Every structure is written in C-alpha cells, then in structure tokens.
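Student: Produce the entire structure from the sequences given, and follow the hints as far as they go.
For the protein sequence lines, the chains are A and B, in the order given. So the first sequence is numbered by the working numbering: it starts at 1 and just counts up by one. So the second sequence is numbered by the working numbering: it starts at 1 and just counts up by one.
It should be emphasised that the hints constitute simulated quantities derived from the structure, not laboratory data. A few of these clues could be false.
Below 30 angstroms or equal to it, Euclidean Cα-Cα: the simulated BS3-like pairs (lysine-lysine) are [claimed, not checked]:
1. Lys-133/A - Lys-124/B
2. Lys-198/B - Lys-133/B
3. Lys-239/B - Lys-219/B
4. Lys-22/B - Lys-85/B
5. Lys-133/B - Lys-133/A
6. Lys-22/B - Lys-227/B
7. Lys-251/B - Lys-240/B
8. Lys-198/B - Lys-235/B
9. Lys-239/B - Lys-198/B
10. Lys-133/A - Lys-85/B
11. Lys-133/A - Lys-84/B
12. Lys-198/B - Lys-240/B
13. Lys-215/A - Lys-160/A
14. Lys-219/B - Lys-235/B
15. Lys-215/A - Lys-124/B
All figures in this text were calculated on a predicted structure; none of them were measured in a lab.
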Amino acid sequence: MDILQALDAVWAARWPILEGIQHTLFISILSIIMGTILGVGVGLILTYGNRWIRFLVRLYSDFLRGTPVFVLILACFYILSVVGIQLTAYQAGIFALTLFCSSHVGEIVRGALQAIPAGQTEAAKSIGLTFRKMFVSVLFPQALRQILPTWVNTATEIVKASTLLSIIGVVELLLSVQQVISRTFLSLELYFFAGFVFFLINFAIEKVGRLVERKIAIPT
Amino acid sequence: MSSPILEIQNLHKRFGKFEVLKGINLTMQQGDVISLIGSSGSGKTTLLRCVNFLEDYEVGLVAVAGEQIGYVEKNGKRTRLSEKKIARQRAMTGMAFQHFNLFPHMTAIRNVMLGLIKTRGMSKDEARSVAEKWLERVGMLDRRDHFPGQLSGGQQQRVAIARAIAMNPQLMLFDEVTSALDPELVNEVLEVILDLAKDGMTMLLVTHEMQFAHDVSNKVIFMHDGKIGEEGPPKQLFKKPKSDRLATFLKNSKF
Ligand SMILES: Nc1ncnc2c1ncn2[C@@H]1O[C@H](COP(=O)(O)OP(=O)(O)O)[C@@H](O)[C@H]1O
Ligand SMILES: [Mg+2]
Numbered sequence: 001m002d003i004l005q006a007l008d009a010v011w012a013a014r015w016p017i018l019e020g021i022q023h024t025l026f027i028s029i030l031s032i033i034m035g036t037i038l039g040v041g042v043g044l045i046l047t048y049g050n051r052w053i054r055f056l057v058r059l060y061s062d063f064l065r066g067t068p069v070f071v072l073i074l075a076c077f078y079i080l081s082v083v084g085i086q087l088t089a090y091q092a093g094i095f096a097l098t099l100f101c102s103s104h105v106g107e108i109v110r111g112a113l114q115a116i117p118a119g120q121t122e123a124a125k126s127i128g129l130t131f132r133k134m135f136v137s138v139l140f141p142q143a144l145r146q147i148l149p150t151w152v153n154t155a156t157e158i159v160k161a162s163t164l165l166s167i168i169g170v171v172e173l174l175l176s177v178q179q180v181i182s183r184t185f186l187s188l189e190l191y192f193f194a195g196f197v198f199f200l201i202n203f204a205i206e207k208v209g210r211l212v213e214r215k216i217a218i219p220t
Numbered sequence: 001m002s003s004p005i006l007e008i009q010n011l012h013k014r015f016g017k018f019e020v021l022k023g024i025n026l027t028m029q030q031g032d033v034i035s036l037i038g039s040s041g042s043g044k045t046t047l048l049r050c051v052n053f054l055e056d057y058e059v060g061l062v063a064v065a066g067e068q069i070g071y072v073e074k075n076g077k078r079t080r081l082s083e084k085k086i087a088r089q090r091a092m093t094g095m096a097f098q099h100f101n102l103f104p105h106m107t108a109i110r111n112v113m114l115g116l117i118k119t120r121g122m123s124k125d126e127a128r129s130v131a132e133k134w135l136e137r138v139g140m141l142d143r144r145d146h147f148p149g150q151l152s153g154g155q156q157q158r159v160a161i162a163r164a165i166a167m168n169p170q171l172m173l174f175d176e177v178t179s180a181l182d183p184e185l186v187n188e189v190l191e192v193i194l195d196l197a198k199d200g201m202t203m204l205l206v207t208h209e210m211q212f213a214h215d216v217s218n219k220v221i222f223m224h225d226g227k228i229g230e231e232g233p234p235k236q237l238f239k240k241p242k243s244d245r246l247a248t249f250l251k252n253s254k255f
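Tutor: Printed below as a string of structure tokens:
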C-alpha cells in the first residue's frame, strides 16, 4: 500500500469526509463558545457569588469535572430522554461538550480572578469605581491574560473530545472516516489521515492563541 | 464655619474578636497635614482604610466634608449605603498605597485617566489633558506611555500619586508610600508629597520617615495599640514626648 493509493482513497471519499470535518468543526466551535460563556458565569459565581449559589455551582463544576466526558455524552443522550427532554444525538453531544467546557473554563476563570492581588481591587475602589466598572476595566483584562493559555488547552481538549460523539451516532470526522474504512478497509491510512486533520485543527487553535497572547502581552 | 474635611468620632474597628481601633477621635480642617506614626500593628493602616471605607467599622463616625462614610443613621439604626453611593464617597478621598497598586495592563497615563473617565465622567480628551497636567506635576510626563513594569518603584509611586490626586479629592491618604522603595528612590516621592502639601492639599499620612513627618505636618499623631497615644505639633511631639512609649519609639526609629 503506497501513499498515492491512500490519498486516492481519501480523495474518492472526500465528500463524506469533508462533511465529517465540517461537523467536527461546528460541534467544537459551538461547544467552545457556549461553554466559555457559561464558564465565565461559573467562574464569576465561584469567585464572587454568595455562599449558597457558590455551593451549588461548586457541586456542578466538581461533578462535571469528575465525570468522564464519555459518560457525560451518554448521560445527555440517554438519561435526558428518560426525563422527557428529547435531544437529537447532535444536540445532546453539543450539550455535553458545552457542560464539560463550562466547568473547566469556570475553574480557569476563578483561578485567574483570585490570582489578581487584592491591591488592584483596592486601588480601583479608591478611585471610585463600582464593582462592574472595576471588573470591566481592571480585573477582567488582567484575568484574560492568565486565562488565555489554559483556555486554548481546554479548547483543544473539546476538539479531541468531540470524537466521542461517534458513540451516539453523530457522524463527525472520526465516524465518517470509519464509515469509509468499512467500505475500503484502508484503516491504517485513513486513521492516520483523521489523526492528521485533528492535529491541524488543534495546531491552528494553538497558533492563533499564541498570536493573541503575544498581542495582548503587557510590556515590561 | 464649614464642616471639617475629616471628622472621626469614637471609631472602633475589630477583625473578628480582635479590636484593632479602640475609639479614635480626629478632626482635620482644610489644608491640614497630619502624620500618623507608631509601631507596626498599632492600627495606622486600618484607620486610613476606614476613611475611604476599604474597611467597614462597627462603632463611631467617619465623615468626609460633613458626609458620613459608608452608612446612614436613621432613628438610631445604621444601614450600609448602596454600592454606588459608597463608590462616590470613596472618590472624595484619594489614596496612595505602600505597593503603588498601579494597573499593570495600562500605561502611566491610562492609569491616571481611568478614574477621570469612569468615575468623573470626563471625555477621553478632557481626561488626557488633566492626566498630563498631573503627570507633569509629579515629573512623569515623559514616561506617560510606559507600563508600570517598565518603571522604577519611585516612578510607579509618583504615577500612583498622580492617579489619586487627579481625581481632585478633598483629602489625600498616604499609607507608607516610601516603605517599599529602595533608599535612593525615597526622596523623589517625598518631594512630590511636600510639593502637594505646600499647595494646600489636605493630607493624612502614615510614615516611618520621622524627619519627613516633622517637616511636612502641622500635627503628628502617635498611635499605640489601636488608640491615639499622643498628639500635637511635630516640634512638641518629637522634641518633648510626654510618654515613655513615644520616647522609646522615637529612639528606636532613627530620627
Ligand atoms: N484584614 C485583616 N484581618 C485580620 N486582622 C487584620 C487585618 N488587617 C489588619 N489586621 C490586624 O490589625 C492590626 C493593625 O494592623 P494595621 O492597621 O495594618 O497596623 P499598622 O498599619 O499600624 O502596622 C494588626 O495586628 C493586624 O494584624
Ligand atoms: Mg500599615
């Protein structure tokens, strides 16, 4: 089996594979965006919330982070339908990844906010800023610089975790490739190809992350 | 006569069971410069922080320009003011900190402009020209576009003072603003404060620089164990301390 033959096989199956890539990208991006928005909320509550809501959100976050994503995905697909929430496999998958992402982003945001020295808050208060103004102008911009590297890491984890949706029948990149393999038996070549595409996606995410990191770095 | 700039009556403050301020009384008129001295842990910082409500207090009164800070008293019941009102009251005083606390992600001039824009509601252009004026005053105009990490400690502290004073506060609070500085950088900061004092700024400052306290203040307060141990004009306090405690304190702090 030479490389040309493998490329040939990929080329022949380009449409289903492209569709798989498209779904992987869509699922990942949507989960990351929604998970990040939710996660910032989680982080804010964990840092500034009153005792009770903080306790509840801490349970939420610990539970999600302590559960394998695989189990989360199965739970969202099978258990939710038992309690009357009917989600398609696609929706359930995105839902599970969003929850997973939010718990991790929540911890990252909390850590970053708590790492800001108390003197920053005091200085901001002393010039008459309300909490909201202080958060927007002083705390968040500093937290963001802390968050970014770890957040990029979480984003790549989500892309990788999206392959698990194949279990509940979502035809993302991995499953689309598996379907082609079942017809062509070119498993080695096609799995290698799939792996390479995942690598490219995550490589791109990390590159962009680095770029932004450098752009917003504070000169010293 | 108009109300004093700062009025503190019977102020008590505790952290848990530990009472840190045990009944402080203090009045400052326009243009007063008062230095707080005393050994570490005597409550100087806490007193300063009660004035702009970085700490709340249980008993007593703190009033700036006739307005009680942090609370309203109604029918003998005290309630905490809203966050917005407290923020507005905090802007009546300016504070400079031991560790400068500049915003590291903003240039020097942005640090000064932030409060002018967000609290005072100035336009960017207006804020910039006010900020430039004060950076010039503290000798930092040429470093206006530097980030705090690119400045020496003394330079950072001068920017921090500009940030506080640009807000046009009624009263400036200085908490050991030279304690974190290398010895050779102390004077540039003290000179800025001296210059502001000459200009008639009302100032309450905590310092370990006894010579400076002597030169700049019209009154010095020796704090001891959460109380005012001794107070008076600098000459009297430094030359003829009444209590043994103050005498010992002065002997141990190289004056
Ligand atoms: N946030 C706090 N919680 C508990 N104790 C505190 C806190 N801040 C200050 N203290 C205590 O209050 C006392 C007075 O502190 P401080 O006002 O900083 O004194 P000074 O500035 O004169 O050194 C010290 O014993 C200190 O340990
Ligand atoms: Mg102190």
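Student: Let me make sure I understand: some of the numbered hints might not hold for this structure. Which ones are they, in numerical order?
Tutor: none
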